[in-house]
Structure formats: structure tokens, C-alpha cells
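Asker: Protein chains in written order, with this note's numbering: chain L, 27 to 372; chain S, 90 to 307.
Bear in mind the hints are in silico, worked out from the structure with no lab data behind them. Take the hints with a grain of salt, since some may be wrong.
Using 25 Å as the maximum straight-line C-alpha spacing, the simulated SDA-like pairs for lysine to any residue come out as follows [what the hints assert, rightly or not]:
| # | chain 1 | residue 1 | chain 2 | residue 2 |
| --- | --- | --- | --- | --- |
| 1 | L | K270 | L | R357 |
| 2 | L | K298 | S | L292 |
| 3 | S | K117 | L | H307 |
| 4 | S | K117 | L | G308 |
Which chain L residues stay away from chain S? Per the calculated CB distances, all over 10 Å, these [said to hold, decoys possible]:
| # | residue |
| --- | --- |
| 5 | G41 |
| 6 | L48 |
| 7 | V195 |
| 8 | K270 |
| 9 | R362 |
Covered by chain L, according to a simulated footprint, are these stretches of chain S (three or more residues, beta-carbon under 8 Å) [claimed, not checked]:
| # | region |
| --- | --- |
| 10 | 127 to 137 |
| 11 | 148 to 162 |
| 12 | 178 to 192 |
| 13 | 215 to 227 |
C-beta atoms are modelled at their ideal positions from N, C-alpha and C, and glycine is treated no differently.
The chain contents come next:
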Amino acid sequence: MRYTFGLDTFGDRNGGTDGKPLSHAQTIRNVVREGVFAEQVGVDFFGIGEHHTEIFPMPAGDVALAAIAAQTTKIRLGSAVTVLSSDDPVRVFQRYSTLDAISTGRAEVILGRGSSIESFPLFGYDLADYDELFDEKATLFAELLEGGPVTWQGKTRPALRGQDVVPHVESGQFPAWIGVGGNPQSVIRAARLGYSLALAIIGGSPARFSAYSELFRRALESFGQPLRPVLVHSPGHVAESDDKAKAEFWPRWRDILTVMAPERGFAIPTEKSFDREIGPHGALYVGSPETVARKIATNLEVLDATRFDLKYGMPGMTHDQLMAGIELYGRKVIPRVRELLGEPDR
Amino acid sequence: MTTTTGPNKLAVLGAGHVGPVIARLAVKAGYPVAIATSGDPADIALIAELMIPGARPRWASQAVAEADVVVLAIPLHRFVTVDPQMFAGKLVVDAMNYWPASDGVLSAFTGGGSTEIVAGRLTGSTVVKALNHIGYHELEDLARPAGAPDRRAAGVAGDDPAAVGVIAGVIDRLGYDPVRFENLRAGRVLQPGGQVFGVALALPEFERAVGQNATSPL
Numbered sequence: 027m028r029y030t031f032g033l034d035t036f037g038d039r040n041g042g043t044d045g046k047p048l049s050h051a052q053t054i055r056n057v058v059r060e061g062v063f064a065e066q067v068g069v070d071f072f073g074i075g076e077h078h079t080e081i082f083p084m085p086a087g088d089v090a091l092a093a094i095a096a097q098t099t100k101i102r103l104g105s106a107v108t109v110l111s112s113d114d115p116v117r118v119f120q121r122y123s124t125l126d127a128i129s130t131g132r133a134e135v136i137l138g139r140g141s142s143i144e145s146f147p148l149f150g151y152d153l154a155d156y157d158e159l160f161d162e163k164a165t166l167f168a169e170l171l172e173g174g175p176v177t178w179q180g181k182t183r184p185a186l187r188g189q190d191v192v193p194h195v196e197s198g199q200f201p202a203w204i205g206v207g208g209n210p211q212s213v214i215r216a217a218r219l220g221y222s223l224a225l226a227i228i229g230g231s232p233a234r235f236s237a238y239s240e241l242f243r244r245a246l247e248s249f250g251q252p253l254r255p256v257l258v259h260s261p262g263h264v265a266e267s268d269d270k271a272k273a274e275f276w277p278r279w280r281d282i283l284t285v286m287a288p289e290r291g292f293a294i295p296t297e298k299s300f301d302r303e304i305g306p307h308g309a310l311y312v313g314s315p316e317t318v319a320r321k322i323a324t325n326l327e328v329l330d331a332t333r334f335d336l337k338y339g340m341p342g343m344t345h346d347q348l349m350a351g352i353e354l355y356g357r358k359v360i361p362r363v364r365e366l367l368g369e370p371d372r
Numbered sequence: 090m091t092t093t094t095g096p097n098k099l100a101v102l103g104a105g106h107v108g109p110v111i112a113r114l115a116v117k118a119g120y121p122v123a124i125a126t127s128g129d130p131a132d133i134a135l136i137a138e139l140m141i142p143g144a145r146p147r148w149a150s151q152a153v154a155e156a157d158v159v160v161l162a163i164p165l166h167r168f169v170t171v172d173p174q175m176f177a178g179k180l181v182v183d184a185m186n187y188w189p190a191s192d193g194v195l196s197a198f199t200g201g202g203s204t205e206i207v208a209g210r211l212t213g214s215t216v217v218k219a220l221n222h223i224g225y226h227e228l229e230d231l232a233r234p235a236g237a238p239d240r241r242a243a244g245v246a247g248d249d250p251a252a253v254g255v256i257a258g259v260i261d262r263l264g265y266d267p268v269r270f271e272n273l274r275a276g277r278v279l280q281p282g283g284q285v286f287g288v289a290l291a292l293p294e295f296e297r298a299v300g301q302n303a304t305s306p307l
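Excised from the complex, chain S in its bound form (with noise of 0.2 Å):
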């Protein structure tokens, strides 16, 4: 897959600190977004009319049914009470963190990589891990059109190529120099403890923090 032929419709479960932030970004690259929570889409309305105009709020399951690709920016512990059944079939973007520090434990959580854990519950569906290594408000800071001299790299790791390639293609789009990893374990560097989480860097940077973990870029 290449970057041109990538996703039309993205669906940010989750209307927190992150989500809202995700929408803005993938609405200015021109993608048509739905936003949904666990609730009713009417709780978020404000939200989006202010925050992401242009963005719709959506019942979870409907904006999930129409959505090419799915962006998880919800709390963890949430997540464990979703069900898979919703993802069945769908390229889904896990941009959450298990971070005991600040969130406290959650013992499906406790060792490895919880993007794993999470690709473990969504067994019907293709996850990829970006979008959660760089905080929230830089998120949107610090994103740059392809080419801008100050423009940051972000990480996109997962177990199908080309997943992880349709989802470069999606952060290329929102701002960031898409580093691939070739599986959800080595995506590890991009969690928690990880050699590039909180600190949003530029490519060579970016490359030299996680060594060899990374394939090419895009």
C-alpha cells in the first residue's frame, strides 16, 4: 500500500485530552472524522461544534462501522470493558498508554507491550501503535507539513506491513516523518519507560534514540 491510496474516514473513540486533539489534526488534513465516546453523541456536541469543528460526534458503534481506520484515545482501563466484537475487521490505531505512574496499575497491563495486550483483546482486527508517545498539546504544537524544517518524527509500529505503511501514510498527513517499526515489540521504545516517549524529536534524533529497533522511514 502506498500513501496515496491510504484510508478515507477516521472514527477517535474517546473526547478526553488526547482524542480532541488527534480529530483537530486528521480534520485540518482533510480526512472525515467522527468522534465518539462511550455515551451519547449529544454529551460531546458542544465539544466538537467548539473544538473540532468540522469533526461529527457519533454513537461509538456507528462511527466505528463507517470508519476505515479507528483511533483509540480513550483511558486503559476503559478499554478492558469495550467489545472486540465492535473492531471486528478494522485497522485500528491504538494511541493509548498503560503508564501505572500517573493512571495507576491495571494488572492485564503489568509486563510487556500494551499494544500487544491490546492487539491480544482485538483479535478480529489489524492494530497498529501510534499517536500515543508524544503528549497532547505538543501533538498539535509541533505538527509540520512534509518538508518543514523543524518537523518531528513519530513512530508507527505494528505486526502487518502494510497496516503499519496505511498508517505512516496517515501521520505523514497529520504532520509528523513516519518511522516504522516492524512489529508491536519492538514498538515498545514508543510506551512508557520507552527510549522516545514524551519527547517528540526530529528523524535523525528520533532514529538515533531507538536504534536499531526502527526500519526505514517512509
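Looking at chain L on its own, in the form it has when it is part of the complex (with noise of 0.2 Å):
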């Protein structure tokens, strides 16, 4: 097979059907079941991304994904993303380390920053030193992933000398993906260091991005590496129906959007905004099997990508919407795409 399908959560907090919003816990058990859900019906991939926000409390992927790694077989599990800069490189190693042993082999990690700024207060970083940090500790991950004793140093971490990291991976090195949204430099940084590429579009023209698909393919072929694969990380949500859909996830998008415009320095979205991010060119997945279907067709193959990730739903949506659109997306958004793109359904 040569194209995989995963979908992503940041733990949206869900909303009750009575309009107001469940518990943190109860929000997090939901992940649970829906992540065990992803695989029943032929998800490839099911991602938990970090955030530390009363609307996306989920802090702890890793946990969440140990508890789907204990109740599946073969649906692939990883964080998406974990926030390394203000994070330690050897523990996220060993917490997906831990969770490729828990899952016989099934572990990945995106390592990136997401848009989410909120950990860096949390943990006493500072935002300023962003991109040290994560130049650093993502040079780290990569040679904690090669496996053998470790001895590196630096400015954001105590040195390691010869030390051996455990739990050692069964299988050798599990799949690792630097996530960027824009900026070519990270393009860049994710070839040299041998990562994967993982591209967050979640806002304009997905097409714009081929140029950072070749530009990753030409860096790897200067850096001596070998060809790595590219995915394509967007938000969306499916339903029977492209109205359906859209009446499900707009109001809960216009609201979120609405509370972050202004911290995050975009504009509030307005049904035409929308509209055109929905449509044929815009960044989101929103609608029913057969449009999805062909929008995920199609820019996999603009963007000559192999794997791509719905990051579905919303803060707001109930968990009942969320498993309809999971079993859609499984169902029949992932076979059209196959057909859509000539590859064999398995």
C-alpha cells in the first residue's frame, strides 16, 4: 500500500447534547473509544496531538494512546504533535518508546510546535528561545532514535555521556515526522536531521505547499539522505452530507476561531471565509464522503504525498457526531481515495 489514512484529536472537549460541555475525564474516555473505533473501521494511523487548554485538555497523548494500544491490533499510534522545545527529548523517547513496546511495534511520533504556544509558560521556557530549543532537542531525538548509548551536549539540557536510553526499541527505530507549517527553513532542518515531513495546512491553498514537498525531496538528496515520506496534516469533518456537515462543524469552528483570532492574528472567520476554505481550494475537509474523498485525492497527489491525516472535529461537537464522522472517514472516505488515486482496496 502505498498511501496511509490516520486521523488526529487534540482531546477537543466535547460537547454534551444538551449544548454544554463534558468533563475533562469524560472528554479524554471518549478519545479513548474513538481512537479504538478509528481502527474497527480501517484507519491506518490515529494521532494525539499536545495541548494544555481548557478546550483541548490533553496534555498527555501518550497515556491516551497506551489505553488505545491495549484494546487494538493494528492501527498505528503517535503524538501529533508533541511539543519537544519545552519538553525533554529522552523522556518523550522513552514514553513512546514505551508505548511502541505496549503496542508491539506501533509507535510514531510528529515533533513540532503545533500553533501552540501554551506550554512554553508552563514549563518555564521562554518563546524567545524557540527555535534553539527545538534545533537542539530535536538533533538529540534523532540520536536517541538511532538506539545504542547516546553522548551528546548542549545548551538546553544536562550533557549525556555514553548512556544508554531504555526501553530499547523492538524493532529498531520507530517512525519520526518533524511537523511544519510554513516555514522552509523547518523544511530544511527536518531533511538534514533525517526526519520525515509532516505539512500542517490549516488555512489557504494547499497547493502552495508543493514547493515545500520538492524543496524537503532536493534537501534529503544534498544531505546524503534517503527519499522520506511527506503527510498532510489538515482539520475537517465528515457527515452524509456536505450540509450536514458543515451545519455540524461551522458553528463550532466560527466560535473557537472566533475566542483565537485575535490572540493568534488572523481574521474571524465569516460563512464566506468558510466557505472558501471548504471548497476545492481552501485548507478544510468538510463535507460529505465523495467531497472529501476527492479534495484528500487530489491534493495527496499535488502535494505528492503518501499519508494524510484528518485532524477531525472540534471543540463543541459531540462525541456521537465524532464517531459518525470517524466511521465515515473509515468507511468510505479511505476507499474512494484509494479508488480515486488506482490503488487496490485491501
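Put the complex together from the two separate chains, hints included.
Answerer: Set out below in C-alpha cells:
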């Protein structure tokens, strides 16, 4: 199989059927159910992104992934993303190599920042040091992935001298990606350090990212690295019809982005701008299985990528809406994308 | 100064999210463009070749020395480590933002207008605020030739009217209706928290949004 398909969540706090938000604890239990269900409907990967906020109460996604691992046998499980800059690379490696052990070789990590910054003050890091922190820690993490005793020295954590970091990974290495949101220098870094590339496309035309895929391949070549895959991560929601998907997703998208817009510096979405984003030239995958499948197939080809991860749902949506979306994604969207791309269904 | 006798050479400092977008628009507008980071131009050779065809990667000092207009598109926390002498005598466009919610707190920039503080450091240069208030992917997608019905407006603020006029001409060529502000103080409406930060408006809506702050468009 050339193509694989995933689902990502940030632990978006669920709404109840009465419109009131569910507790953080219930939301986390629902995420575990969603991950287990994703395997049952044929999804290849389930990812949990690190966040530390009231509407995304998901700081320890690896614990939830372990619970999913215990109830599944095939689906791959990983972070989407791990905010490496405000974490300890040794601890991240240990948590995901433990997940790899529990799941018998199904762990992955995507390292990055996402668009979240809340972990920096929480753990005492300065955002101004973001780049230096990420560069050093991604370099150390790449060495940890190699296995064997690690000798390392830097400014952001204590040095290691011939340190054996356990547990050892059974199969040698688990897949590791660097998530990039639009900075070409981050693409070069991913190639230089030997990571695969995850393109987070959350607004505007996906086609403009095709230059990043090419940049990644050329950079791999220039560093003497083997060819590595590119994945695309984008938000969306699937329902029986385009209208139903929009009715379930748009009000939640509007509410959340209206709060986030002033602090993140983007325009408050209007229904018109939202319609552009869910159209053929936008970044959101909201609609019927056919609408979403066509858009995924087109963009995988345009971006020369082999994996698509849908960040499903939004805070305030109900667990039932999310489960229905997961079922359609697994049973309808994925087989249809494979068909559109000329790949036989398994 | 008029737009027809505008600058010939642009240097864009920064090859992150914003720099390549501005450089691409400038190449498209017909300017000779150099792009530089704090490091070796070899490190951004591939980025220039694939993402900004036509722009030349240079050492920062070379790019600045040869340019008529220098665009600063580096993280603000890096700007405070740059030697102001390098920009002496140059017309500098500040496309940077002080945006604590996204980039953290910088004590040198708390309170006031970030470009006023930038200008306070670059005492030997003429500083104009522009290209900072439209998101980097929109900046490219929404650029239109003069007269296009769906053209958007972009602000240009500075204390030197001649310099503002020059940069207004550049903005026009890059694809936006320039709206001039008569000093950097008035240009605070362009920065995070200001009325037009993060939104790309057509000229009439832009003028309504900024109220009395703007002088007449070009």
C-alpha cells in the first residue's frame, strides 16, 4: 500500500447533547473510544496532539494512546504533535518507546510546535528561545532514535555521556516526523536531521505547499539522506451530506476561531471565508464522503504526499457526531480515495 | 518622490514564513531581489532556487549594502541582536511584529509601537512600517495588479513623507493599494491589537477601519 490514512485529535472538549461541555475526564475517555473505533473502521493511524488548554485538555496524549494500544492490534499510534521544545527529548523517547513496546511496534512521533504556545510558560521556557530549543532537542532525539549509548552536549539540557536510554525499541526505530507549518527553513532542518515531513495545512490553498515537498526531497538529496515520506495534516469533519457536515462543524469552528483570532492574528472567520476553506482551493475537509475523498485524493497528488491525517472535529462537537464522522472516514472516504488514486482496496 | 522613480534593488532579510513571500512578490513585480539570513547564503540556496526563483541568496551585509530598500522579515527577538550600523543610510521596511501571544514577551518592546522602537535602534536609517499586517499566505494569494476590482489595501507608515512615498510605490507594485500614515505613531493601527492587523480589506473598508489615522491613499 502506497497510501495511508490517519485521524488526529487534540482532545477537543466534547459538547453534550444538551449543549453543555462534557468534563475533561469524559472527553479523554471518549478519545480512547474514538481511537479504538478508528481501528475497527479501517483507519491506519490515530494521532493525539499535545495541548494544555481548557478546550483542548490533552497534555499527556501518550497515556491515552497506551489505553488505545491495549485495545487494538493494527492501528498505528502517535503524537500529532509533541511540543518537543518544552519537553525533555529523553523523556519523550522513553514514553514513545514504551508505547512502542505496549503496542508491539505501532508507535510514531510527530515533533513540532503546532500552533500552541501554552506549554512554554507552563514549563518555564521562553518562547524567544523556541528555535534554539527545537533545533537542539530534535538533534538529540534523532540520536536517541538511532539506539545505542548516546553522547550529547548542548545548552538546553544536561549532557549525556555514553548513556544507554531504555526501553530499547524492538524493531530498531519507530517513525519520526517533523511538523512544519510554512517555514521553509524547518523543512530543510527536517531533511538534515533525518526526519520525515509532516505538512500542517490549516488555512489557504494546499497547492502552495507543493514547493515544500519538492524542497524536502531536494534537501534530502543534498544531505545524502534516503528518500522519506511526506504527510499532510488538515482539519475537517465528514457527515452523510455536505450540508450536514457544515451544519455540525461551522458553528464550532466559528466559535473557537473567534476567540483565537485576536491572539493569533488572523481574521475572524465569516461564513463566506469558511465556504472558501471547504471548497476545492481551501484547507478544510468538511463534507460528504465523496467531497472529502476527492479533495484528499487531489491534494495527495498535488503535494506528492503518501499519508493524509484528518484532524477530525472541533471543541463543542458531540462524541456521537465525532464517531459518525470517524465511521464515514474509515468505511467510505479511505476506500474512495484509494480508488481515486488507483490503489486497490485492501 | 513619485512611484515611477522608485527604488531599484530590494534586500529581504529573513527566510522564514514571511521573507520568501515578500521576496517572491518583489521578483514578480520586477525588482532585483536579494535574500539573506543571519547565516551562510549556501544554507538558503535551495529555498531561493525552488521557492523564490529569481532571487539571489546573499550574506546579509552584502545584500544590505547593495540594496535601495531593505525589508526586515526576521523574528523580532533576533532583531535586537543585529548590528544597527549595517543599515546606516538605508531605507528600511519593518515587516516584523511584536506579538507576545505568539512569540513571547520581549521587555524592549512592551508598550508603544514596535516600529517606533525599531526606528529608535536604527538611528542612522529611515524606517517605514509596512507588509506586517496581512498574514503571510494571504499576502501572496490576495496580491492584485492596480485597478483590479478585488484589490486590497495595505498600510505604509513613517515619519519621513518622502520615504513613505517610496514604499507606497513599492506596495503598489507588489499588488496592494497603499494607504499612507503620516508617522510611525499613527501606524500602530497596523500592529497586533490594531484595527487592521490580520485582516486584508479593500480600500474603502480599510479607510473606514482606521478612521482619522490615515492620510489620503496614493
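Asker: All hints, please: hold or fail.
Answerer: Hint-by-hint comparison with the structure:
| no. | hint | in the structure |
| --- | --- | --- |
| 1 | L:K270 / L:R357 | 18 Å, holds |
| 2 | L:K298 / S:L292 | 19 Å, holds |
| 3 | S:K117 / L:H307 | 22 Å, holds |
| 4 | S:K117 / L:G308 | 24 Å, holds |
| 5 | G41 | 26 Å, holds |
| 6 | L48 | 27 Å, holds |
| 7 | V195 | 32 Å, holds |
| 8 | K270 | 29 Å, holds |
| 9 | R362 | 29 Å, holds |
| 10 | 127 to 137 | holds (count 4) |
| 11 | 148 to 162 | violated (count 0) |
| 12 | 178 to 192 | holds (count 5) |
| 13 | 215 to 227 | holds (count 4) |
Of the numbered hints listed earlier, the single one contradicted by the structure is hint 11.
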